[in-house]
Amino acid sequence: MFIYITKRLLWVIPTILTVLLVLFSLSYLLPGDPADIILGPRATPEMAAELES
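Numbering (numbering that gives the first Met the number 0), first residue to last: 0 to 52.
Rather than coming from a laboratory, the hints here were simulated on the basis of the structure.
Among these hints, one or two may not hold up.
Claimed, not checked - Just the calculated beta-carbon pair ranges, DEER-fashion:
| id | residue 1 | residue 2 | range |
| --- | --- | --- | --- |
| 1 | 3 | 49 | 16 to 26 Å |
| 2 | 29 | 52 | 20 to 30 Å |
| 3 | 20 | 50 | 15 to 25 Å |
| 4 | 45 | 0 | 54 to 64 Å |
| 5 | 0 | 35 | 42 to 52 Å |
Note that beta-carbon positions come from the ideal geometry of N, C-alpha and C, so glycine has one too.
Given these sequences and hints, build the entire structure.
Shown next, in the form of structure tokens:
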């Protein structure tokens, strides 16, 4: 039972890394500026510059 739990816990690391890689890739490939997506349509250029800094 200990070996089973250890194997399952060790599989958590590559699973989390894979999910992070996929999510980062999708967010990078989406059109538009990430600041515009985060701030929404009412964002001013000043707000976007503050978020990017």
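Comparing the hints with the structure gives:
1. Checked against the hint of 16 to 26 Å, the pair residue 3 and residue 49 fails, with Cβ atoms roughly 50 Å apart.
2. A hinted range of 20 to 30 Å for the beta carbons of residue 29 and residue 52 is consistent with their spacing of about 21 Å.
3. The beta-carbon spacing between residue 20 and residue 50, approximately 24 Å, falls within the hinted interval of 15 to 25 Å.
4. Distance hint check for residue 45 and residue 0: the Cβ-Cβ separation is about 58 Å, which falls inside the suggested range of 54 to 64 Å.
5. Judged by the Cβ atoms, the range 42 to 52 Å given for residue 0 and residue 35 holds: they are separated by roughly 51 Å.
Comparing the model with each numbered hint stated earlier shows that hint 1 is the single one that does not hold.
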